[in-house]
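Starting from the structure of chain A, add chain B with the ligands where the hints point.
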Amino acid sequence: MSIEEYIDKADIEARKRALQVFRERFREILEQIKRGENPTIMLPKRTLANTIYDERRKLLLLGPEKLSRSFFDLHESKKFMQTLLMARIIYEALERNEYPTIRDLYYRGKHTIIYREPGGRKHEENTWDEQRESDSVIRDIEVFTGLLREEMLILSKEKGKVVGNMRIRSGGDVIDLSKMGHGAYAIEPTPDLIEFVDVDAEYVLVVEKDAVFQQLHRIGFWRKHKAILITSAGQPDRATRRFVRRLNEELGLPVYILTDADPYGWYIYSVFKIGSITLSYESERLATPNARFIGVSMTDIFGYKRKKPYLTEQERRNYIIKAKDADIKRAYELRNYKWFQTKKWKIEIDIFLERKAKLEIEALTSKGLRFLADKYLPEKIETGDWIE
Amino acid sequence: MSKVQEPLREKYRSMTPSQFFYEHRELAGFGSPSRALYQTIRELVENALDATDVYGIMPRIVIVVEKLEERQDFYRITVEDNGIGINPKYVPQAFGQVLFSSKYKLRQARGRFGLGAKMAILYGQIKTGKPVEVYTSPIGFTKIYYYKLKIDIERNKPIILSYAEHDNKTLWHGTRISVVIEGDWSRARSRVYEYIKRTAIATPYADIVFIDPEGNMITYWHSIEKLPRPPKEVKPHPHGVDIEQLKRLIRDVKAKTLIEFLVSAFQGVGKRTAEAFLKWAGLNPSLDPHRLNDSLLGELARKLREYPKFRPPSAESLSPFGPEIIEAGLRAILHPEFVVAVSRRPKAYEGHPFIIEVGIAYGGEIPLSNEPILLRYANKIPLLYDEKSDVAWKVIDPRSFNWKDYMVVFPAPVAVLTHIASTKVPYKGVGKESVADVPEIEHELRNALREAARKLRLYLLQKKREEEAKRRVITFVKYTPEVAKGLATILGDIDEKTVQEMLLSAMKRRLRLDDEEFAKLVQGLEVSIEE
Ligand SMILES: Nc1ncnc2c1ncn2[C@@H]1O[C@H](COP(=O)(O)OP(=O)(O)O)[C@@H](O)[C@H]1O
Ligand SMILES: [Mg+2]
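These protein sequence lines are chains A and B, in that order.
So in numbering that gives the first Met the number 0, spot 312 of the first sequence is number 311, and the numbers just go up one at a time.
So in numbering that gives the first Met the number 0, spot 476 of the second sequence is number 475, and the numbers just go up one at a time.
Heads up, some of the hints might be wrong.
[What the hints assert, rightly or not] Derived BS3-like pairs: lysine-lysine, alpha-carbon spacing no greater than 25 Å straight-line:
#1 Lys304(A) to Lys321(A)
#2 Lys393(B) to Lys454(B)
#3 Lys307(A) to Lys337(A)
#4 Lys496(B) to Lys109(A)
#5 Lys121(A) to Lys507(B)
#6 Lys156(B) to Lys88(B)
#7 Lys208(A) to Lys156(A)
#8 Lys156(B) to Lys33(A)
#9 Lys507(B) to Lys484(B)
#10 Lys121(A) to Lys178(A)
#11 Lys484(B) to Lys15(A)
#12 Lys484(B) to Lys109(A)
#13 Lys469(B) to Lys121(A)
#14 Lys342(A) to Lys366(A)
#15 Lys102(B) to Lys234(B)
#16 Lys321(A) to Lys345(A)
#17 Lys306(A) to Lys355(A)
#18 Lys121(A) to Lys463(B)
#19 Lys427(B) to Lys387(B)
#20 Lys519(B) to Lys121(A)
#21 Lys33(A) to Lys484(B)
#22 Lys519(B) to Lys77(A)
#23 Lys507(B) to Lys77(A)
#24 Lys427(B) to Lys77(A)
#25 Lys343(A) to Lys379(A)
#26 Lys302(B) to Lys121(A)
#27 Lys270(B) to Lys302(B)
#28 Lys484(B) to Lys77(A)
#29 Lys77(A) to Lys496(B)
#30 Lys121(A) to Lys462(B)
#31 Lys77(A) to Lys469(B)
#32 Lys33(A) to Lys507(B)
#33 Lys403(B) to Lys454(B)
#34 Lys496(B) to Lys33(A)
#35 Lys403(B) to Lys234(B)
These are calculated hints, taken from the structure and not from any lab test.
Same shape as in the complex, but just chain B:
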């Protein structure tokens, strides 16, 4: 008889979200001091943008990173915006309670998880013991509110260390938040600069000022006045629903029958659609949704996902850049000779609407490179890490996309901007750094790239033609004096000038150029012969 192992006595405990995320901070991008410095800037800047452009405010954002005197590796990061501010009631929770957010809505935003700012605060607090300081004033408020806060990690609750109110004579609105963290500027520097540059590309309507710990200041002033279309909040689409969500919707929506519930809970579902669906699903329209048991709920969720005739998800919740903004951004920052951008029509995967946008910048100050420079964005956030595992790379990779067909031969000066706007971006991890290859998204990206690349091709073709025409004209013009002199000398009855003029007009005819075009091509061309 074998001896049966005595079962181990397991210890059980629960964890608050703040404990969990502190312990697994690398999941949220706070794995090392240099990464944490970059991630902190990113979270604060994204909050600032969420508080401005979404509400029709042209963002003015100041980012300051300072080295503290007391310790070499302590940095204070301050981000100030001119956004909508935060109602003072919510400030402690917004910054002192993990998983508290105003963005748990079905509309596109940069933040989503109710995590970003808190992770920075949490990380700073543990590493440096310093609290977060916030000044804020919502639009129309006559006071500026000040909080000094810490997070009670065990209980996931804010601890208010100090509070103050100041007069707001200028009616300033916005938020200014400062955290102190342990960082590593020398390692983070290039990423931080890259991040800010890429943010500026995507927000050509924003003024961004950045002051680094060495005292360098860099500014990106807005180059257009136009803001992207703000996203609207929408109801969920039936294709994206699961049991838990269904339960929550039934609880929130006051409906007595199944048909009423469907009409009021979901987007794009009217009475007729609801009836047709219920008939197809074999469900009684007058059932009370509150009475459905788990197996019926499961059945309903599955059928909702499978029914093929729902209208496609609404894209009103999305806020794409639009071609104008992409082109302005690429032009202002990369100084290319040519830009083109396309915004595709909305599409959906698993009930989530999305819009793909692609911009291509070519030539000018863009350096030559063996592969395209890729600028990835998801819900307007630049993505910097894990580029090669992103679906966007898969699509633009010269090994899979035939750039030659579009007259781009590497090494080439080409940058590609990709943007996926969605109520749910399928990130590969919590770190929000790369997008998974969902077939619908990949397909759209490829179509968008093709569409943009076709326009690039037209441009390059035109340019090549012009260059060739120019080369031809230069060649012919530079040899014309010799030819004219030869003919004039041999024939004797015609002078050189006349032959030259005859040659030039034959040349124009040959190249199908009118006088004006010809003059343009030879403008500044001088030919002389040293005998």
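One chain only, chain A, in its complex shape:
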């Protein structure tokens, strides 16, 4: 039996589609050359200035500014060459049923162009030097073809994990996410190829910290509270974001996000919710605009108006960490982003800036794992004490 026969049908379909898109898009370039024109790749600009926050859809999107990358333009010529080089490598990998990582692509495309100038001087030039360069070319190809890297079967190291009352089909196997023992299901790099078989849950809880995820898993939090429990283990990768989005969009499950109470935690939430600045072109597929910030919030720590704090004076003294200059700076930056300019976020950021205090989720487990699992989380969800 050849190895091809072990490959999932879904992968084969994805490849076919990607190959087709590549041929169509690059056919246009060849037509330009045939007509004697300057071959040009038109791309949306991936810059902060061309990143737009869509207030209605609550998404970070790529703006309308386009960049034309022409081969016969002294300053764009190399990028154009790199784009075709990368496109070829990805295309070949698709054809050969491979699953390259972005690092593989970097190495495959890195070679030396040697040329001797008229007059004799010999020069050497690498197609690219650092992976930063080839990664950026991959992003260009994603926007040029309209295919996300997952759809091109490019893998990246993913760290998201999930457990819960749910069964999925992946690579032809049905996996029961409630039967993972003390482990968890590692969210695969191509979450679009996952098929949801059945699910019995009321909401999704995403925990920033892997350790807290494990604690909640061990005490059977998801079973008791009918939740799908996910961790992003820090900044969420694309697969985790896409997976969460699908749970929300396709299964209609509300999504709650639990992070540390500091500007970095807030940003993790905002990446889930509206997308990231560097990858704003993927927001449409990766962001979960309905995601809710469950905590830990500043008002949980200090209380606000009629809301009573979850921590006593004594606990605050024990758990609160003094904010560093970098945290403060980041908070001021976030305050400038449109999507943090809602009433509730203003209160959060103002309290933070006033108290110069931050807190890790672990503080709540120190107060008692049961407190976190059976009081804090259910109570907040029940009373609607979250930030949209």
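Same frame as chain A, now just chain B with the ligands:
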């Protein structure tokens, strides 16, 4: 009552020109042994050139500087030329009497004052006690004449120590003169070399051989056959005249009436002009010029200077290099990648005609420098000292001339040659080392520089365009294989070679290059890819 100071008893005496110039020798460039060595070479070489190119002879000049055995600081300087020679009658005065010259004429020459050779001789004689030795044979003479001379400084008269005649079987003509002076070669060396180099730049039609005291020989062979236009002697222009000159002219010109005098004494003045002038000046045309008193003479001189309608001074007395000679000289000595020279039309200041010429040499072997290298010439003589106080520096100084407008950004490899040819160069001193900033001259220099710089700019622009085109082509060509391979692989129905050819023809179209131009740009370009 205050005591009145008894007046001092003053002593009076007179001085001959030879005494005066000996005492003030630094005025003429003989202030120190090193300067004197340089100045001696210069005076003799300039005399040699005056005796050749002015008369249509392609100069062949040999310069030898030797160290004497007897004393470390004594040098014999010998300069030989193939010029017109000197009539033996005049040799003693030409070399033994200060202020004796054949060049007191209204035409351009390197020498003027009747001083140069004598200063060297005088200086040598006082410092070393050695006489000057001269061999000469004028054109067509069958004998070569030899003189050994000293100058009687008190009386400004030659003393002939020895005289001889030799057969001139080969009909050699020219002059060979040797003087011994106290000098300082190690200090003078770089200036002397610079002087000879700059002379060679200005005389690409001359053969110059130089042998220095260390026995090094350097030669500059002529690179063109063309000589500059020789200057003609002209009458003075009325704008340049003063009372003394007027008196002399009246004495020399045999004229009975004022109108006759004006017509025959001055250039460009015919009967009609003379009449119009006299009417304007309110002077009677039939006055006898010999009868004019001093106040009338003063009046006449002033009116002559002020009358606005005289024709501009004639430039026939001038001998500019001409662009061809400047370009050849700069090219032969500096080995630049580009040269341009302009000769401006004649202009005048205070009745003296002058012509400004400017040459620019760029790139090639010219070193990079933060300011232009300036090569100044006045009546074909290179000027080496006091550069920064010269009007030419004032004009080309990057602080006053916007070189950037002409695509020259310093540090740049650029040399500028300036030449002022005039019957009277307004030197700042007797040392003839820098030219004063006369507004008319400054203005002309600036115009000439602009004119030349515009041509340089065109060249640089063209070059930049070519370089840019080349850079573009190289960039596109080196990336073409990758692009072609990418497209061929993805599309599958077209091969790499075809895509490459299509890319190249699109490239040519884009860059507006025909096959030939394109081939020229990529000639020798090789591209390979190491996977
Ligand atoms: N090499 C030479 N060939 C011909 N004549 C010369 C030469 N050197 C000097 N003379 C004559 O001697 C004269 C005096 O020379 P010099 O003292 O240098 O004064 P100047 O050059 O100012 O006239 C010149 O005017 C010229 O007539
Ligand atoms: Mg002289």
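Consistency of the hints with the structure:
1. A hinted pair counts as satisfied when its Cα atoms are at most 25 Å apart, and Lys304(A) with Lys321(A) qualifies at roughly 23 Å.
2. For the proposed pair Lys393(B) and Lys454(B), the alpha carbon gap of about 21 Å is at most 25 Å, so the pair holds.
3. Pair hint Lys307(A) plus Lys337(A) does not hold up; C-alpha atoms about 29 Å apart against a cutoff of 25 Å.
4. Pair hint Lys496(B) plus Lys109(A) holds up; C-alpha atoms about 22 Å apart against a cutoff of 25 Å.
5. Between Lys121(A) and Lys507(B), the direct Cα distance comes to roughly 24 Å. Compliance with the 25 Å bound is thereby established for this hinted pair.
6. In summary, the hint linking Lys156(B) to Lys88(B) is supported, as the alpha carbons are separated by about 14 Å, within the 25 Å threshold.
7. For a cut-off of 25 Å, the pair hint linking Lys208(A) to Lys156(A) stands: about 18 Å separates their Cα positions.
8. For the suggested pair Lys156(B) and Lys33(A), the alpha carbons sit about 94 Å apart, so the restraint of at most 25 Å is broken.
9. Restraint check for Lys507(B) and Lys484(B): the C-alpha separation of about 20 Å stays at or below 25 Å, so the hint holds.
10. With a C-alpha separation of about 63 Å, the suggested pair Lys121(A) and Lys178(A) falls outside the 25 Å cut-off, and the hint is violated.
11. Restraint check for Lys484(B) and Lys15(A): satisfied, since their Cα atoms lie roughly 21 Å apart, inside the 25 Å limit.
12. About 15 Å separates the Cα atoms of Lys484(B) and Lys109(A), which keeps this hinted pair within 25 Å; it holds.
13. Distance check on the hinted pair: Lys469(B) and Lys121(A) sit about 15 Å apart at the alpha-carbon level, within 25 Å; holds.
14. Simply put, Lys342(A) and Lys366(A) have alpha-carbon atoms about 29 Å apart, too far for the 25 Å limit, and the pair is violated.
15. Distance check on the hinted pair: Lys102(B) and Lys234(B) sit about 14 Å apart at the alpha-carbon level, within 25 Å; holds.
16. Proposed proximity of Lys321(A) and Lys345(A) is supported: the alpha carbons are some 20 Å apart, at most 25 Å.
17. Of the supplied pair hints, the one linking Lys306(A) and Lys355(A) holds, its CA atoms being roughly 20 Å apart against a limit of 25 Å.
18. Between Lys121(A) and Lys463(B) the alpha-carbon distance is near 22 Å, which keeps this suggested pair within the 25 Å criterion.
19. Among the hinted pairs, Lys427(B) with Lys387(B) is consistent with the structure: their alpha-carbon atoms are about 12 Å apart, no more than 25 Å.
20. Distance hint between Lys519(B) and Lys121(A) is fulfilled; the C-alpha atoms sit about 18 Å from each other, no more than 25 Å.
21. Annotation: proposed proximity of Lys33(A) to Lys484(B) holds, straight-line Cα distance about 16 Å (limit 25 Å).
22. Taken as a hint, the Lys519(B) and Lys77(A) pair is honoured in the structure, with Cα atoms around 23 Å apart against an allowance of 25 Å.
23. Using a Cα cut-off of 25 Å, the hinted pair Lys507(B) and Lys77(A) holds, with the two alpha carbons roughly 18 Å apart.
24. For the proposed pair Lys427(B) and Lys77(A), the alpha carbon gap of about 61 Å is over 25 Å, so the pair is violated.
25. Between Lys343(A) and Lys379(A), the direct Cα distance comes to roughly 15 Å. Compliance with the 25 Å bound is thereby established for this hinted pair.
26. Proposed proximity of Lys302(B) and Lys121(A) is contradicted: the alpha carbons are some 75 Å apart, above 25 Å.
27. Taking the CA atoms of Lys270(B) and Lys302(B), the gap is about 17 Å. The hint holds against a cut of 25 Å.
28. With a C-alpha separation of about 15 Å, the suggested pair Lys484(B) and Lys77(A) falls inside the 25 Å cut-off, and the hint holds.
29. Note on Lys77(A) and Lys496(B): the hinted pairing holds, with a Cα-Cα distance of about 20 Å set against a maximum of 25 Å.
30. Simply put, Lys121(A) and Lys462(B) have alpha-carbon atoms about 22 Å apart, close enough for the 25 Å limit, and the pair holds.
31. With a C-alpha separation of about 16 Å, the suggested pairing of Lys77(A) with Lys469(B) holds against the 25 Å cut-off.
32. A distance of roughly 13 Å separates the Cα atoms of Lys33(A) and Lys507(B); the hinted pair therefore holds under the 25 Å criterion.
33. Between Lys403(B) and Lys454(B) the CA atoms are separated by roughly 14 Å; this keeps the pair inside 25 Å, and the hint holds.
34. Simply put, Lys496(B) and Lys33(A) have alpha-carbon atoms about 14 Å apart, close enough for the 25 Å limit, and the pair holds.
35. About 44 Å separates the Cα atoms of Lys403(B) and Lys234(B), which puts this hinted pair outside 25 Å; it is violated.
The earlier numbered hints that this structure contradicts are 3, 8, 10, 14, 24, 26, 35.
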